[in-house]
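Visitor: These are the residues of each chain, in order.
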Amino acid sequence: MNNIIELKQVVKLYERGSEKIHAVDRVNLSIEQGEFVAIVGPSGSGKSTLLNLIGCVDIPTSGTVKVDGLATQALKEKELAKIRNTKIGFVFQQFFLLPTLTALENVTLPAVFSRNGHRTKKTNRAKELLDLVGLTDRANHLPSELSGGEMQRIAIARALINSPKILLADEPTGNLDSANAEIVYNILDKLHKDGLTVIAVTHNLELANKTQKIFKLKDGKMMDE
Amino acid sequence: MNIITLSLKSLKRKRTRAALTIIGVAVATAALFSLVSFSVGYDRALKKEMQDSGLQMLVSTEGCPTEAASLALHGGEITKYVDEKRLTEVRSIQGVHVATGMLMFSLTEEGGKTSLFSGIDDEIRKLKPYWKLKGSWFKDGSSIILGAEAAKVEERTVGDKIYFPGFDREFNVAGVLQRTGTEDDGFFFLPLKTAQEVFHKQGKLTAIGVNVGDPGRIEKVKEQIEELPDVYVLTADQMMGQILKLVGSSKTLMFAVLAIALIISIVGVLNTVLMSVMEMVKEFGYMRCVGAAGIDVFKIVFLETITVCLIGGIAGALGGSVLSSFADSFIRSVLPYAPAGKMIEFNPVIFVMSIFFAIILGIIAGVYPSIKASKISPMEAIRNE
Ligand SMILES: Nc1ncnc2c1ncn2[C@@H]1O[C@H](COP(=O)(O)OP(=O)(O)OP(=O)(O)O)[C@@H](O)[C@H]1O
Ligand SMILES: [Mg+2]
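So the protein sequences, as listed, match chains G and B.
Just so you know, we're using the numbering used here here: the first sequence kicks off at 1 and counts up by one.
Just so you know, we're using the numbering used here here: the second sequence kicks off at 226 and counts up by one.
No lab work stands behind these hints, which were simulated from the structure alone.
By construction, the Cβ of each residue, glycine as well, lies at the ideal position given by its N, Cα and C atoms.
Treat the hints with care, as some may be off.
Claimed, not checked - Counterexamples of contact, computed for chain B against chain G with all Cβ distances above 10 Å: (1) S235; (2) D347; (3) L358; (4) W362; (5) E444; (6) I450; (7) M503; (8) E508; (9) Y511; (10) D521; (11) S602.
Said to hold, decoys possible - Straight-line C-alpha distance at most 30 Å; calculated DSSO-like pairs for lysine-lysine: (12) G:K82 with B:K470; (13) G:K127 with B:K351; (14) G:K190 with G:K87; (15) G:K165 with B:K524; (16) B:K470 with B:K237; (17) B:K237 with G:K121; (18) G:K87 with B:K272; (19) G:K87 with B:K600; (20) B:K600 with G:K165; (21) G:K66 with B:K600; (22) B:K272 with B:K305; (23) B:K272 with B:K507; (24) G:K20 with B:K429; (25) G:K66 with G:K20; (26) G:K78 with B:K237; (27) B:K305 with G:K76; (28) B:K351 with B:K364; (29) B:K507 with B:K239; (30) G:K210 with G:K121; (31) B:K351 with B:K272; (32) G:K82 with B:K524.
Claimed, not checked - Partial pick of chain B residues on the chain G-facing surface, computed with a CB cut under 8 Å: (33) K357; (34) G360; (35) A518; (36) P603.
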């Protein structure tokens, strides 16, 4: 068994004053290398929180998260940064594009922090990726000049710049009409076919049904598949 | 794109704030540059003034030595006099090249205008080889020689007559000195005998200027002169020492003010950078989310601070170079003694040093905000969204 992602009894607890929120509650989950899976569930069920834990943006309150064989809670911040940078591509629900950088620069950004690879090579790769998401003509636009769907596609391009092993996408089609959602879905499917492990959080049942596996979350708990 | 361009981009966005910070650093650097230039230039100008005047020793009577020192170079009045007999005695001492008697005094006219007079004899020309005379030396007892500035103010030239109501005498302008850049420019020079007469100080001198040629002989000659009755001998080195001591406290004060200015400017830069880090918490969070390490964020903030200080430093050093040429007369007015030559000259070492200092200022001010920025966690991006 070749699990690139393995979660055991993972709990993420948020405390708001005396109120305790189990955003993720004792979740067990294994995803194999090269799989294309969907995580579904109602709003507030903990999908983004779970994705953050897998994406090394957050660490669990208890339990273990293993990414590519490494237990994240045992790692130093510097090592987590490296995993975020090189192993994982993350399409955030709110995109997290830098407002001062153009579309092309935003796509290139993770490469700036990766230390390897030539500068022009990085820029060329960023241009290829813009082409892949169909936004070549928006290369020099700032995020404020882009539509929600365009920002989402820029975020996808950015997630791919360092050729990650794992792609995490939080509602990648949330802001898109069905035609554009189809385009994005096809991109994800192609990446999966090229060997990438793709994990998508979605409300879009059509997209979910095209994946190999669907995980259902409710109140932070994993429902039976 | 790299870390440096990211850093510059964030600077560019905060143009106004960056410009203000740059101005702050520039002012501090300009002050530093000017003060250090002045301090170095002052000592150099003073030394040059001492060398230019062939005056190696000043013989006066017991009294405040600094008063005598200032008097020797700038003129003025002291109430104690040396007996003229000493002049002949000094001249007869072996090793004395030149000994010249001087009687200085000032005359305040009714309107409040003060004129400086100096009674001199021929020998003084050997102590002031740089004097260039238009016209001629004294022809007789009613001759007068004007310093360049004095001639300009009085609008007199060679051949004119000049009348001083203060002692009701008229003189013939025999010569006018070319500008020397020293205090001599403002003087009216009279033959020693005439000066003693109009000021009722017959047989009296303010001081005797002495030159012995080889500086190695100064000590020996000094000892011999000191054996004469009622004299006090001051060497050029001592005069300089006295002046430097006197000016030292002014310098200390100036540098204290400068130190305060620099501290304020460090705190100012630190505050600005810290504020900007606080405003950019989200963005640094985004960068961390896509794999920026703490050190990357540190570099962005740190480089930004250094850049601001570098630009401010260069602007300040350039501004200081321009300003300090105007600062000369201001500094003169606040110092107890200022040499006549140009005090502030452009010095490339001080220029580079000032810029370097601005960079150090940036390093000190930048470290804390940069560390703070580097500690921003990726979770900051997610919070409250
Ligand atoms: N930083 C936080 N502090 C406190 N509570 C939080 C925090 N982040 C999330 N939560 C809570 O955790 C729960 C899960 O949130 P999460 O964002 O994971 O939901 P989600 O499934 O992604 O929802 P959506 O579909 O609306 O994006 C929610 O109840 C939310 O209010
Ligand atoms: Mg969510």
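Visitor: Taking the hints in turn, state whether each one holds.
Guide: For each hint, the structure was consulted:
| no. | hint | verdict |
| --- | --- | --- |
| 1 | S235 | violated (7 Å) |
| 2 | D347 | holds (79 Å) |
| 3 | L358 | holds (71 Å) |
| 4 | W362 | holds (77 Å) |
| 5 | E444 | holds (70 Å) |
| 6 | I450 | holds (78 Å) |
| 7 | M503 | holds (16 Å) |
| 8 | E508 | violated (6 Å) |
| 9 | Y511 | violated (4 Å) |
| 10 | D521 | violated (5 Å) |
| 11 | S602 | violated (8 Å) |
| 12 | G:K82 with B:K470 | violated (62 Å) |
| 13 | G:K127 with B:K351 | violated (83 Å) |
| 14 | G:K190 with G:K87 | holds (18 Å) |
| 15 | G:K165 with B:K524 | holds (28 Å) |
| 16 | B:K470 with B:K237 | violated (49 Å) |
| 17 | B:K237 with G:K121 | holds (26 Å) |
| 18 | G:K87 with B:K272 | violated (70 Å) |
| 19 | G:K87 with B:K600 | holds (22 Å) |
| 20 | B:K600 with G:K165 | holds (27 Å) |
| 21 | G:K66 with B:K600 | holds (24 Å) |
| 22 | B:K272 with B:K305 | holds (27 Å) |
| 23 | B:K272 with B:K507 | violated (60 Å) |
| 24 | G:K20 with B:K429 | violated (102 Å) |
| 25 | G:K66 with G:K20 | holds (25 Å) |
| 26 | G:K78 with B:K237 | holds (29 Å) |
| 27 | B:K305 with G:K76 | violated (83 Å) |
| 28 | B:K351 with B:K364 | holds (18 Å) |
| 29 | B:K507 with B:K239 | holds (16 Å) |
| 30 | G:K210 with G:K121 | violated (34 Å) |
| 31 | B:K351 with B:K272 | holds (19 Å) |
| 32 | G:K82 with B:K524 | holds (17 Å) |
| 33 | K357 | violated (66 Å) |
| 34 | G360 | violated (74 Å) |
| 35 | A518 | holds (4 Å) |
| 36 | P603 | holds (5 Å) |
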